[in-house]
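2 protein chains.
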Amino acid sequence: MEEIQENIQFQLTDELIEKVEILVEDEKDKELKDLLNEFHYADIAEILDELDLDDAIYVIKLLDSETTSDILTELDEDIREKILENLSAKEIAEEVEELDTDDAADIIAELPEERQEAVISQIEDQEHKAEIQELLTYDEDTAGALMAKELVKVYETWTVAGCLRRIRGQAKEVKRVHSIYVVDKEEKLIGRLSLKDLIVAKSDQKIAEISKDNVDWVNVNDDPEDVAKVMAKYDLEAIPVVDEEQTLLGRITIDDIVDVLKEEAEKDYQLAAGLTGDVEADDSILELTRARLPWLFLGLIGGIGAFIIMEGFQKAFDTYKVLFFFTPLIAAMAGNVGVQSSAIIVQGLANDDVKGSINNRLIKEMLLAALNGIILAVFLFFFVWGWERDYQTALAISISLIAVIIVAGLIGTFIPLFLDKRGIDPAIATGPFITTSNDILGILLYFWIAKLILF
Amino acid sequence: MEEIQENIQFQLTDELIEKVEILVEDEKDKELKDLLNEFHYADIAEILDELDLDDAIYVIKLLDSETTSDILTELDEDIREKILENLSAKEIAEEVEELDTDDAADIIAELPEERQEAVISQIEDQEHKAEIQELLTYDEDTAGALMAKELVKVYETWTVAGCLRRIRGQAKEVKRVHSIYVVDKEEKLIGRLSLKDLIVAKSDQKIAEISKDNVDWVNVNDDPEDVAKVMAKYDLEAIPVVDEEQTLLGRITIDDIVDVLKEEAEKDYQLAAGLTGDVEADDSILELTRARLPWLFLGLIGGIGAFIIMEGFQKAFDTYKVLFFFTPLIAAMAGNVGVQSSAIIVQGLANDDVKGSINNRLIKEMLLAALNGIILAVFLFFFVWGWERDYQTALAISISLIAVIIVAGLIGTFIPLFLDKRGIDPAIATGPFITTSNDILGILLYFWIAKLILF
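Chains as they are written, first to last, in my numbering: chain B, 1 to 455; chain D, 1 to 455.
There could be a bad hint or two in this list.
[As the list claims (entries may be wrong)] Derived, one-sided and incomplete: chain D residues facing chain B with beta-carbon distance under 8 Å:
#1 168
#2 235
#3 237
#4 282
#5 296
#6 310
#7 340
[What the hints assert, rightly or not] With a straight-line Cα cutoff of 25 Å, these simulated DSS-like cross-link-like pairs (lysine-lysine) come out:
#8 321/B with 315/D
#9 233/B with 212/D
#10 61/B with 233/D
#11 229/B with 451/D
#12 451/B with 321/D
#13 229/D with 206/D
#14 153/B with 229/D
#15 421/B with 451/B
#16 206/D with 188/D
#17 315/D with 267/B
#18 153/B with 196/D
#19 321/D with 321/B
#20 262/B with 315/D
#21 61/D with 233/B
#22 196/D with 185/D
#23 61/B with 82/B
#24 233/B with 262/D
#25 30/D with 262/B
#26 212/B with 196/B
#27 451/D with 233/D
#28 229/D with 421/D
#29 30/D with 212/B
#30 451/D with 321/D
Note that these hints are calculated values from the structure, not bench results. We treat Cβ as the ideally placed atom computed from N, Cα and C, and that holds for glycine.
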């Protein structure tokens, strides 16, 4: 029991890393192996992510390739890249040989093009090699790039007994048997079975009799996000992948989909926060600058726009200087409302939850923004009136606020819907983009309405 | 093949909904049944989400309880609530009887307390009833609330042949067999097996010989997010749940974890956008107001704070009015930088990616913000100098901008780390909270530094 408890409660501690470093330093290979073999490969990968490159390579070369191949798949991408640079084509081919075709293809795809060929040519298992080569032909953003060639396939004409006998062979290559796919003699997918169905069936039954024909599948060119939606909706743990002729090509498993979902959520979150590219807290200052500076620059341009507007209104409002002191409030409200409404739309679009026409959406948002705007404006009115003892200014500011909130809400609703209709990812509309445009527009609208009221 | 194609390419169209509405209206029960039975229950749920309540209830009462029970689990929560209000305790009990214990307990938990007892007392299968009652005792935010009692369990002393014979019975109750859990005579979890292992083993082998003892598990009181992390990290499709004594209580499957991950991502995204509660685009204006107004109010208070600061500096900067026109720029930059740095930390914390001490984090962020700040400030300096022909003002504004960006970055980094250390969800720090506090602080700092430079 002790070992089991350690396994699940794995915590990457400084002590552990230090222990590994000392064992590497002292070249105590046996102790090091014994220590690391206690851990799951995903945990070993976490340890290696923290080691110096030389130490990590030492450990990789020390452990069996059965373990190291799995470790490689779990490493941080930049660490993996550096380690692979230090392995020969032959060594990488040996690692790849141990992996399922999808993981193998992913690792090879990350290599510089000139090395890819060298590694592939060193793969000894010809079938494995051909399958990996096939997978490398699919576009990164397709179901084909996610699928593995490993699956258990039976022909509709087989019997249960014959089937059990034959899949013993196939199943050894497949880590987890989710469904058994039933094909006709032309290799076209026509149904599925579970191992459980096989076990509870009589041994002389024909596969065609016990197979279920309502098998879900995706096309090899489908978008990974759509595959994720289908698998999540129908609670699938694996889905077969077919081509246009319905020929069975491979299967996608839920663990890859969990990764797709996580990456997608992180991407949307980062866009909303004004970060481009896939940055992490541990990236270099230069990488982080690349991800952050463009959006900050956009904000700067917006701020300069606001400055130019305010300068333009300077003379007109010489007697109402107090108006200028409320511009940060107006900008903040316009930005917040815009982000709120765009986030709701972006999330709704992702969940296929946005029904009805764009017009209905906009009318609803207008009512909602008006309701929120009026509540906030009443509060602001009494504050300004109480502070400045000037109910006309208070009225002008409050009415402007309502208008700004309504317009900001409409823009926040419209832009993601518009982008989505144009086939552009609406998530780019949620961050600094919407804040900045709403800031400028809000301030312009504010002075314009105040002018109408006060003069 | 036709049917299969329809199944996966399901699109909820207005025509389909109308067709269903007309069939309900005309009480064409047979046609309606034939039409709906072509679809997956998750698709039927999508159709019902769009129907009037009376029509939806009509459909639910028409279809077999085997299908309707699954449909109920997939409906929108508010639609389900209304439908259940219109079913008798006996009818709900019949639905629940068809469901796995986890789904059954989820549905009962949503009922008003007085109805829960009534429904439970109508469940005929006594074992099912007792299991559901057990599940209802676990806290909503624990592994216990996610798990199902359905699993396949074998004793270490059984033989492969005996095992296969006996699990034929157990497996019928379990929709998907992921792992077979091995327990000792005290029901304590000691290992696992796959169906594949059983099939490839010799029939007279003992379970203890072929079972793997490195079984991952979670405690019944663990946080669902931690369960999700473990399952995603180790690519698990099911994980057994045990109590403090290691007694096997149930299992959690990956489909529930996919839901946990999606909900978690949506919650973080909403918090970053300034939305509380779990709102959707289709919620009522009142629900949306409840989710949005509190954060907008926070923004309003922030704006009033900015106003008070600016009024305070009014006299001092009588000759430098232009400074006031840059406050929206300063506020926007402070807000953007704060959101960027907090988002990176929040995401890093979620992925256990934030290593090293808080001090190191802050030093890194300071360097990063300084680098970004200087680049932006140089640009702003030349703009202001060119526009105002006053290099001193330009210098004051630019130097203030650098300081504001650094401080905003530090606050954005520190607050989520601080909240996390205190056991508070750091995601609340990413939205209007950080923007508003950075707005005020940024403007204050800006005037303060400008004063130092200009006077």
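Hint-by-hint comparison with the structure:
no.: 1; hint: 168; result: holds, 6 Å
no.: 2; hint: 235; result: holds, 4 Å
no.: 3; hint: 237; result: holds, 6 Å
no.: 4; hint: 282; result: holds, 6 Å
no.: 5; hint: 296; result: holds, 6 Å
no.: 6; hint: 310; result: holds, 4 Å
no.: 7; hint: 340; result: holds, 5 Å
no.: 8; hint: 321/B with 315/D; result: holds, 12 Å
no.: 9; hint: 233/B with 212/D; result: violated, 32 Å
no.: 10; hint: 61/B with 233/D; result: holds, 23 Å
no.: 11; hint: 229/B with 451/D; result: violated, 56 Å
no.: 12; hint: 451/B with 321/D; result: holds, 20 Å
no.: 13; hint: 229/D with 206/D; result: violated, 34 Å
no.: 14; hint: 153/B with 229/D; result: violated, 32 Å
no.: 15; hint: 421/B with 451/B; result: violated, 37 Å
no.: 16; hint: 206/D with 188/D; result: holds, 18 Å
no.: 17; hint: 315/D with 267/B; result: violated, 46 Å
no.: 18; hint: 153/B with 196/D; result: holds, 15 Å
no.: 19; hint: 321/D with 321/B; result: holds, 10 Å
no.: 20; hint: 262/B with 315/D; result: violated, 53 Å
no.: 21; hint: 61/D with 233/B; result: holds, 23 Å
no.: 22; hint: 196/D with 185/D; result: holds, 24 Å
no.: 23; hint: 61/B with 82/B; result: holds, 14 Å
no.: 24; hint: 233/B with 262/D; result: holds, 12 Å
no.: 25; hint: 30/D with 262/B; result: violated, 43 Å
no.: 26; hint: 212/B with 196/B; result: holds, 13 Å
no.: 27; hint: 451/D with 233/D; result: violated, 53 Å
no.: 28; hint: 229/D with 421/D; result: holds, 19 Å
no.: 29; hint: 30/D with 212/B; result: holds, 24 Å
no.: 30; hint: 451/D with 321/D; result: holds, 13 Å
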